[in-house]
Amino acid sequence: MSILEIIGGILLIIGSIFLFLGGLGIYRMPDTYNRLQAGTKATTLGGMSLVLGVGILEPAWIWKALIIIIFIAYSNPISSHALARANYRRGHYPYIKSKDKKNMDAYQEVVPHTKEKEDKV
Amino acid sequence: MQTLTFNQKLGRFILNWIFLMIVWLMFTSTLFWQEVVVGALVSMLLSLASIRLFTCCTLSLLNPVRIFWMIWYFFVFLKALIIANFDVARRVISPSLPINPGIVKFKTKLKTNYSKMVLANSITLTPGTLSVDVVGDTFYIHWIDVETTDPEEAFKIIAEPFEKVLLKIF
Amino acid sequence: MTYIIYIALTLMALGMIFSAIRFVKGPTAADRTVAMDTLTTIGVAALVLVGYMFERFIYVDVALVYAVLGFIGVIVIARYLEGAL
Chain W
1 MSILEIIGGI LLIIGSIFLF LGGLGIYRMP DTYNRLQAGT KATTLGGMSL VLGVGILEPA
61 WIWKALIIII FIAYSNPISS HALARANYRR GHYPYIKSKD KKNMDAYQEV VPHTKEKEDK
121 V
Chain S
1 MQTLTFNQKL GRFILNWIFL MIVWLMFTST LFWQEVVVGA LVSMLLSLAS IRLFTCCTLS
61 LLNPVRIFWM IWYFFVFLKA LIIANFDVAR RVISPSLPIN PGIVKFKTKL KTNYSKMVLA
121 NSITLTPGTL SVDVVGDTFY IHWIDVETTD PEEAFKIIAE PFEKVLLKIF
Chain R
1 MTYIIYIALT LMALGMIFSA IRFVKGPTAA DRTVAMDTLT TIGVAALVLV GYMFERFIYV
61 DVALVYAVLG FIGVIVIARY LEGAL
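Protein chains in written order, with our numbering: chain W, 1 to 121; chain S, 1 to 170; chain R, 1 to 85.
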């Protein structure tokens, strides 16, 4: 095994572990915002390092792998921001654990809470 | 929409052309002359069509000092991304889910829309934070483990290392 | 090397199963879209890895197009949920 194969293999394993953790986080977290947190961060680094690992193992593919990496790093935060905003404006307010419920949600000065309960779908 | 002077238009056109040309070369990953000529023509047409859309900056972005700070920003961002991932991994794996979520706000000193977008995207990928909305110069951030609800201190914890570098770039 | 690829594919399949469970369970439309976004990113990575395994360069192009289209789909769904479409 050459040194490039070792680096590529390590990147593959790290990437797949973080992709797995992203899926697990989506499953375990209590509300949409926390799911977005886990899903976005873990899958961004996971996807980036796995595609980079393949690019290192197969040097002819490195440029296209770099384009995929830049695109993942650019598009994942934008889609998660759009989803979080849409979800809030639709009336699904974040799950708050602490007792100080008024101060913990600063966004209600822009979008006042109108709906009392969450509607399904 | 603001009116652009001829110099601004020319600067944006050349910057977009260079950027699209780099993307084309990465796509085809070859330097065969026919590919390069076709790529130059296509990216020239595209950048002519998109002078008003990409409202980022003019050619002054390519000054070496700014390029140095861009590379520095990349490393600051990469460090934050790796810390963020281990943070998320710790929270997801531990059986009791140690979270205390809430939404905080802070004000930024950045002026242009493009730099605000870069800051918001970076905040989304840093430990435990997710940008929900930007209204004027106020950021609303969903924080998975709220340490403080005071805007000044939240700014210091979340955004200060990025903003320092971004103010030097834009 | 083959074993490393098998381990990576297994872990990614587990991640896909967990997000697919969330995709089915919901409860809101935004949750399903989040799960779809995660499935897209894992799917892109899996396509690149499978392309490396079978030595087919065309899979990387497929992954690139899939990433672009999945991103646009999520943005469209978000705009629709917000009521701006």
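Just to be clear, a hint being listed does not mean it is correct.
Mimicking BS3-like on lysine-lysine, the simulated pairs with C-alpha atoms at most 27 Å apart in a straight line are [unchecked claim]: (1) S:K111 x S:K156; (2) S:K79 x S:K109; (3) S:K111 x S:K79; (4) S:K105 x S:K168; (5) S:K107 x S:K168; (6) S:K164 x S:K105; (7) W:K97 x R:K25; (8) S:K105 x S:K156; (9) S:K164 x W:K97; (10) S:K111 x W:K97; (11) S:K168 x W:K97; (12) S:K79 x S:K9.
The set of hints was computed from the structure by calculation and includes no laboratory data. Owing to the predicted nature of the structure, the values given are computational and were not obtained by experimental measurement.
Structure-based check of each hint:
With a C-alpha separation of about 18 Å, the suggested pairing of S:K111 with S:K156 holds against the 27 Å cut-off. Simply put, S:K79 and S:K109 have alpha-carbon atoms about 23 Å apart, close enough for the 27 Å limit, and the pair holds. For the proposed pair S:K111 and S:K79, the alpha carbon gap of about 25 Å is at most 27 Å, so the pair holds. Note on S:K105 and S:K168: the hinted pairing holds, with a Cα-Cα distance of about 23 Å set against a maximum of 27 Å.
Using a Cα cut-off of 27 Å, the hinted pair S:K107 and S:K168 holds, with the two alpha carbons roughly 18 Å apart. Pair hint S:K164 plus S:K105 holds up; C-alpha atoms about 18 Å apart against a cutoff of 27 Å. Only pairs whose Cα atoms come within 27 Å are accepted, and W:K97 paired with R:K25 is accepted, the gap being roughly 23 Å. With a C-alpha separation of about 12 Å, the suggested pair S:K105 and S:K156 falls inside the 27 Å cut-off, and the hint holds.
Our distance criterion of 27 Å between C-alpha atoms is broken by S:K164 and W:K97, whose separation comes to about 33 Å. The straight-line distance between the Cα atoms of S:K111 and W:K97 is roughly 35 Å, outside the 27 Å bound, and the hint therefore fails. Using a Cα cut-off of 27 Å, the hinted pair S:K168 and W:K97 is violated, with the two alpha carbons roughly 39 Å apart. The hinted pair formed by S:K79 and S:K9 fails the criterion: a straight-line CA distance of about 36 Å is larger than 27 Å.
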